[in-house]
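Residue numbers (UniProt numbering), protein chains in the order written: chain B, 1 to 462; chain F, 1 to 462; chain V, 1 to 462; chain U, 1 to 462.
Among the clues, some could well be false.
One copy or two, it doesn't matter: identical chains are merged, so the pair holds either way.
Keeping only pairs whose Cα atoms sit at most 20 Å apart, straight-line, the calculated SDA-like set for lysine to any residue is [stated by the list, open to error]:
id	residue 1	residue 2
1	Lys420	Arg271
2	Lys415	Val137
3	Lys420	Glu443
4	Lys422	Tyr272
5	Lys194	Asn6
6	Lys9	Gly353
7	Lys422	Arg270
8	Lys368	Gly393
9	Lys322	Val333
10	Lys9	Gln226
11	Lys21	Lys314
12	Lys294	Ser436
13	Lys9	Gly69
Keep in mind the hints are simulated off the structure, nothing from the lab. Fair warning: this is a prediction, and the values are worked out from it, not measured in the lab.
Number of protein chains: 4
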Amino acid sequence: MEYSGNQVKDINIAYIGGGSKGWAWALMGDLAMESDLSGTVKLYDLNYEAAHVNSMIGNSLNRRDDVKGKWQYQSVETLEKALTGADFVIISILPGTFKEMTSDVNLPQEYGIYQSVGDTTGPGGIVRALRTIPMYVEMAEAIKAYCPDAWVINYTNPMTLCTRTLTEIFPEIKVMGCCHEIFGAQKLLASMLKDLKGIEDVGYRDITVNVLGINHFTWIDEASYQGTDLMPIYREFVDRYYESGYEEKPGQWMNSFFSSACRVQFDLFRRYGLLAASGDRHLAEFMPRAWYLKDPETVKSWKFSLTPIDFRMKRQEELAHKSKRLAAGQESVQLKPSGEEGICMMKALLGLGDFVTNVNVPNQGQIKGLPLGSVVETNALLVRDGVKPVLAGQLPLDIENLVARHVLNQETVLKAALRKDKSLAFRAFLNDPLVSIDIGAAEQLFERMLQNTKAYLPGWDV
Amino acid sequence: MEYSGNQVKDINIAYIGGGSKGWAWALMGDLAMESDLSGTVKLYDLNYEAAHVNSMIGNSLNRRDDVKGKWQYQSVETLEKALTGADFVIISILPGTFKEMTSDVNLPQEYGIYQSVGDTTGPGGIVRALRTIPMYVEMAEAIKAYCPDAWVINYTNPMTLCTRTLTEIFPEIKVMGCCHEIFGAQKLLASMLKDLKGIEDVGYRDITVNVLGINHFTWIDEASYQGTDLMPIYREFVDRYYESGYEEKPGQWMNSFFSSACRVQFDLFRRYGLLAASGDRHLAEFMPRAWYLKDPETVKSWKFSLTPIDFRMKRQEELAHKSKRLAAGQESVQLKPSGEEGICMMKALLGLGDFVTNVNVPNQGQIKGLPLGSVVETNALLVRDGVKPVLAGQLPLDIENLVARHVLNQETVLKAALRKDKSLAFRAFLNDPLVSIDIGAAEQLFERMLQNTKAYLPGWDV
Amino acid sequence: MEYSGNQVKDINIAYIGGGSKGWAWALMGDLAMESDLSGTVKLYDLNYEAAHVNSMIGNSLNRRDDVKGKWQYQSVETLEKALTGADFVIISILPGTFKEMTSDVNLPQEYGIYQSVGDTTGPGGIVRALRTIPMYVEMAEAIKAYCPDAWVINYTNPMTLCTRTLTEIFPEIKVMGCCHEIFGAQKLLASMLKDLKGIEDVGYRDITVNVLGINHFTWIDEASYQGTDLMPIYREFVDRYYESGYEEKPGQWMNSFFSSACRVQFDLFRRYGLLAASGDRHLAEFMPRAWYLKDPETVKSWKFSLTPIDFRMKRQEELAHKSKRLAAGQESVQLKPSGEEGICMMKALLGLGDFVTNVNVPNQGQIKGLPLGSVVETNALLVRDGVKPVLAGQLPLDIENLVARHVLNQETVLKAALRKDKSLAFRAFLNDPLVSIDIGAAEQLFERMLQNTKAYLPGWDV
Amino acid sequence: MEYSGNQVKDINIAYIGGGSKGWAWALMGDLAMESDLSGTVKLYDLNYEAAHVNSMIGNSLNRRDDVKGKWQYQSVETLEKALTGADFVIISILPGTFKEMTSDVNLPQEYGIYQSVGDTTGPGGIVRALRTIPMYVEMAEAIKAYCPDAWVINYTNPMTLCTRTLTEIFPEIKVMGCCHEIFGAQKLLASMLKDLKGIEDVGYRDITVNVLGINHFTWIDEASYQGTDLMPIYREFVDRYYESGYEEKPGQWMNSFFSSACRVQFDLFRRYGLLAASGDRHLAEFMPRAWYLKDPETVKSWKFSLTPIDFRMKRQEELAHKSKRLAAGQESVQLKPSGEEGICMMKALLGLGDFVTNVNVPNQGQIKGLPLGSVVETNALLVRDGVKPVLAGQLPLDIENLVARHVLNQETVLKAALRKDKSLAFRAFLNDPLVSIDIGAAEQLFERMLQNTKAYLPGWDV
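Kindly produce the complete structure, drawing on both the sequences and the hints.
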């Protein structure tokens, strides 16, 4: 890397999952809009062809006048090539294919277990983790071997266990898991200020929050805008919109599988007194099955959706078409902020401005009451070459209990995956709040799900 | 107190719940058989008359030739009188009456929640705790005022929360909760040695175990007899008796509401790999409802019983008759060891011999992974005026998760009881593994249960 | 308080020690230059007259055109009046008088113990603490009674023990201790950049540091400016200036009792590898007596000074004259930044902009390896109504040992002061690295020092 | 191993340092007097010849009628041979020779540093540790390779660092460090009971104590005999004998380099209020130089001695003669208890009876306030295949500070030895309370001491 004033050149980024559609383009767009950084992005993907197409798309940007940040994109055939010399490693992969994801999400439905996402917790999240952990073991070892000083930013779900696997295998790794769900909560609070107080143009960055918990099950216990404590206003907001739910564009949840009307969040606030800072689709999956995901009617009554894998597949197909058009120059990458903060984070780590945001890193005491070493989500201060968690305090006992159950379950899943211990994995599976079915049925479901993902479980006796 | 060699005279014991039938007589018997101790027992009970009758029964022992330990029994009208000057305080009360216990156990059945005991966890255990905590707050304050240096031994259930309330209100209190369930596991291991290895006459004290967990949900991860590791033998034992269950007298579980065939214990061993050191009736209540307590048929298939309150009431009536006969001299207290270790413990605390046994005291690090300050059960070294927990290590992650959920729930119940916070209490109630029913139904059940126990909830808004 | 946009009116500040010369005027100046805040400052001082004069000086500012922030100054007779209604409490007092300080600093010299400051550690710091703690007990109780929600900013030395006393007596207090010594280290690093790299105009705020330790004995293990790691450059800097020392204006240390040539800091870096982030006069006092303070010649050779109390008294006299002139309008308060960050901190706490700086607060895990609850110095994130320490990591073992010794000694001093336990206080005294003299001599010295400060030790048996 | 009732045959013991004179014979004697155990002892020593002579001495015991425990002794040439198949490993070596010990003890005297023992702390203890740690690294690796399940009992000094090195290199090792110093304190208390209360025949095992600290700097905060609290009696005892000192045989300290009159212990009790449970010769070395070891006169005034290495050498010579006579059958091993508890410990670990005694093992929470993982000394419960520390509580702050300083210094020495980091080692050296001399002199002393021990510092740059 080479610094000149506030600009840094010759940055090397390794992008694992660099053949992705959507995520890769978002990064390209963000990099293109940032004038202070430039360098090379090495795209690595199990699907080399996809990475190669993306390299063409990425390089085509350099010819555009509206592009401020110039980057070279290279597709590479091996992890080693991607990682060697890397200053940053971005990991954003799909663990397995939609075939496995279909099993993760649909099979449990046969047993009465409905999942709105299926990638973080619940039977789907757990089996996805079992499949993903060996991949992350490999990455951790490769990073240790080829770029031990690089900063690693993980975007893949299950966020906690992906990040946690890296720190387990290579404890000195410089890593953080990044997720935009908290920004959603901040944006909601900004909307609330407009809706209830008539305050316009509040950006989500203007909302200061204290967050604590684990990814997709993070809680806000303090929120403010300038001198105003937002918690009492949020209470008012919940009271007003508890029944109807709240959306910027009312009814949107019915048209988008990714939207919700925040009714789950509102209900959790009424019950527990803190703001659960994630989308309803994620939150619902962490609670007992009977609460929000009992059956499709219940889900509908809470005004959110079960995201069908069909839909994801169809979207993927559209993206494949778009990819071809982009590569062929028939369409061009749109330059609009992705809503991720990856670039800001890289800038802070490069020394171009300290920055506070939420990250997923091992608990070194930033959350009291949760096990040290487990990956948790809180604010952190990002400085040159450093991510320093901000002390977030402790969750109220009753919420801590809900969260701790998942934390210990996740640690159990990690241990089971590393030991290839099916029995231990099943005990974790059985202890998930969504798996409150008969043990016999649970055993059958687990067995079938493992069978469907067995290609990704090397060394397992399944 | 006055020492002379290994004998101690003029010991003062305050017995709270001193009108009890059964427990009080057991203590009288144990004291009568111990030649090294003598003094005065002050019997205090909300039912003064019962305490008075017991004092007559107790004093009648002194006239018997086979009684080695001579004690004066006095019934007293107030806690102050009982506690003033006490060296030891024994607490063994029934919190409320069988009327409330009927509600604790039977009402949940209307909602499909079956409880085999209903005094420790589950809806019954939680509501019983809410009712009991205010009584223990009063006792803690009285002990602080009248005998802050006395050693307090608690026998009342819910053991953990009774003991925990005392330490919350008067942190310097010298207290331990004592329970014989672990001895049951040690006796089972002795039986096993006879059954599988033909080794006779092994006493339960000859079996060394490492215990860790919370009362009635304690786990043994190491067990030995002389040079023999008992864990592999226990595995063999479980394999042999998994289906049939094991009892000293086969079929006894059908004739006694307090017996079981250890099938739940065996099943937990198969699943988790450690020996759950409590009776099946208790163990079942800590696990998800669908496992062992789904319905009466399931219970029967696991070869244990739901203890009916009717039966407890009937037994109480019989004891009332026996009480009259004892007081009238028509019958006399039988001198046989009660199976409790209270006297041994007192002797150790008096300096008459160091002693290792299991106790319930606040976690000062004896169990890694569970919150400091919560009451846990492990071995401790008892010395003159001291109870020093032995480091028990850490539970495997998957079991720790099961136990931690109850620990945090119990701490939540304590907080709710002290704050008289119904909403918080309900959150704990809802998070109990047995309460996996619809929220609406749970709310109704909780409300009804509180109504039935409301006389014991001073200051609550119910 | 009343918010309007980014401006806050009607703020109430209680200033304890409000009759001070110098500190009070600095605050007045800083407030006057800040256009976003206004309100009332209540000046409380044991010397009411001094507070009253200061109120006149403060109010005179409002008539000036160059004053942007308008504040009313009131002198009040009681703590209660000062604190009632306060949003902020600023504490900046002289504990005792220069008479006691003379004893603190000069008496030990008779025993061969030289102190460059004598207000933080060493015999002087310890006796000063014993004298100050009862005053802070009183303040803590008053704050609890009259303004429990106010934010308290302490500037008085001994910083650690003043702050720590407040948290001991009123654990829920919102307090931080603030000290500018770290800024000095940041300024030195800025100078270094100019000196070695020719980079001009770097402000101390542009230097990002990670700090950990205790007040006046804080260590920097990471420092950067934009993308540059400053630690290797600092090593170069130390190598160049190790012998000569470094000063912006060479030789200044000979003309100012408050200056030094950083030779102690450089020597500590050579030995321990981290940057000790305080002035040499403070650092020297934390190390063994023979290192930097053996005798006046040794002190001179390290290019710093023993600050004579005579000098402080003389300066105080000059300030008294200046006070008169200011009150009489013959001179006016100069509007230049004081170098303290108090106003920035208040703004952050009011919600006018999050802010990271170093503070002294109880250790909640921000420094691993030092006792929880003891007051430590690290960075913190200041937000609306919150001070959230940033995790600073752990000191290397050998430095941790140096710091821990002082931390435990300080905790011992606190305990001794609260219990009025002379023997315990002496044990702490004896364990200070500067007190490596014969025990008999130490006893005599301690006794004489206590006698001299006895008026401030109510209830002690001295 | 083969069990038959309470007897165990075919036990394999590896004795490292098996050529030792004195220690090896003591073990032989203890084993010979124990009828329940038998098997083989493999003697390994850098001096093979010495081990071989000892094997002859050991085997000669089997022909005697008064020997109850029959053991085969074999001298072996390699660690591998000694350890393979071992059930127990006993380590009792002299690290280096008396030549190095002469340097450890005598060289510091040239700089005014007097050491009464020189094997645990102080300049001698630190340099001895640097020399010993590489040997223990080798042993740890060999134990891991050849007998990972064996129980290791260390007797070598510096006890803490020898044991700690083993746990650092092979964390799963089953090890405890054993030392008889605490028994000395218990014996003193028994003598006290006779002297002050006329109670005869109290054995040291009848005195129950709570111990906490580090080896040779352990503190007793509770002591009792039957129902009696011994602490108030000890206070009386100290008052009576403070000036004169106390010895069973008055004046013995003048005739034996290993005796003392407990005046240091008494003085520490007067100052700190707890009983320092080690001989004065050890205790003095942990305190500041000026207290008890200022010069030979001071030492004499405290009624203990500086043990000259000449004396040790002479004794060694005598033992060499005795060795020859024993091997030649001209003299025979005396069967009297050695005063060590090694055999009792082995029996407990074999399952022949649970047992509570003091051990040196890593801190897992048994002492609050000292770092986890550092080796500390407290009571432990020894069971079949297990050593379970008993929670000992926390030292008072002022004593904790004294102890923590040594703990952190020892950890620093370990780190320095493993990294071969001379500068770090020197920082630890300099921070020892005995090394309160000029830095320049300290540097020279350290350099000279290292030179003298350099043959044992492979890979160091010295």
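Each hint, compared with the structure:
1. With identical chains, the CA atoms of Lys420 and Arg271 are at most 20 Å apart between copies only, with a shortest distance of 16 Å across copies and 39 Å within one.
2. For the homomeric pair Lys415 and Val137, the shortest alpha-carbon distance inside one copy (12 Å) is at most 20 Å, but the shortest distance between copies (30 Å) is not.
3. With identical chains, the CA atoms of Lys420 and Glu443 are at most 20 Å apart within one copy only, with a shortest distance of 17 Å there and 42 Å across copies.
4. Within a single copy, Lys422 and Tyr272 get their C-alpha atoms only as close as 35 Å, which misses the 20 Å cut-off; across copies the closest is 12 Å, which meets it.
5. Taking identical chains as interchangeable, the C-alpha atoms of Lys194 and Asn6 lie at most 20 Å apart only when they sit on different chains, with a minimum of 18 Å there against 36 Å within one chain.
6. For the identical chains of this complex, Lys9 and Gly353 are intra-copy neighbours only, at 16 Å inside a copy versus 31 Å across copies, given an alpha-carbon limit of 20 Å.
7. Only between protomers do Lys422 and Arg270 lie at most 20 Å apart by alpha-carbon distance; the minimum there is 14 Å, versus 39 Å within a single protomer.
8. Taking identical chains as interchangeable, the C-alpha atoms of Lys368 and Gly393 lie at most 20 Å apart whether they share a chain (6 Å) or sit on different chains (16 Å).
9. In the homo-oligomer, the alpha carbons of Lys322 and Val333 lie at most 20 Å apart inside one protomer (10 Å), although the nearest pairing across protomers, at 69 Å, exceeds that limit.
10. When the C-alpha separation of Lys9 and Gln226 is checked against a cutoff of 20 Å, the pair qualifies only between copies, where the shortest distance is 14 Å, while the shortest distance within a copy is 36 Å.
11. Taking the closest pair of Cα atoms, Lys21 and Lys314 come within 20 Å of each other only inside a single copy of the chain (13 Å); across copies the shortest separation is 73 Å, beyond that limit.
12. Proximity of Lys294 and Ser436 under a CA criterion of 20 Å is satisfied in both settings, with 11 Å inside one chain copy and 12 Å between copies.
13. In this assembly of identical chains, the alpha carbons of Lys9 and Gly69 lie at most 20 Å apart only when taken from the same copy (10 Å versus 44 Å across copies).
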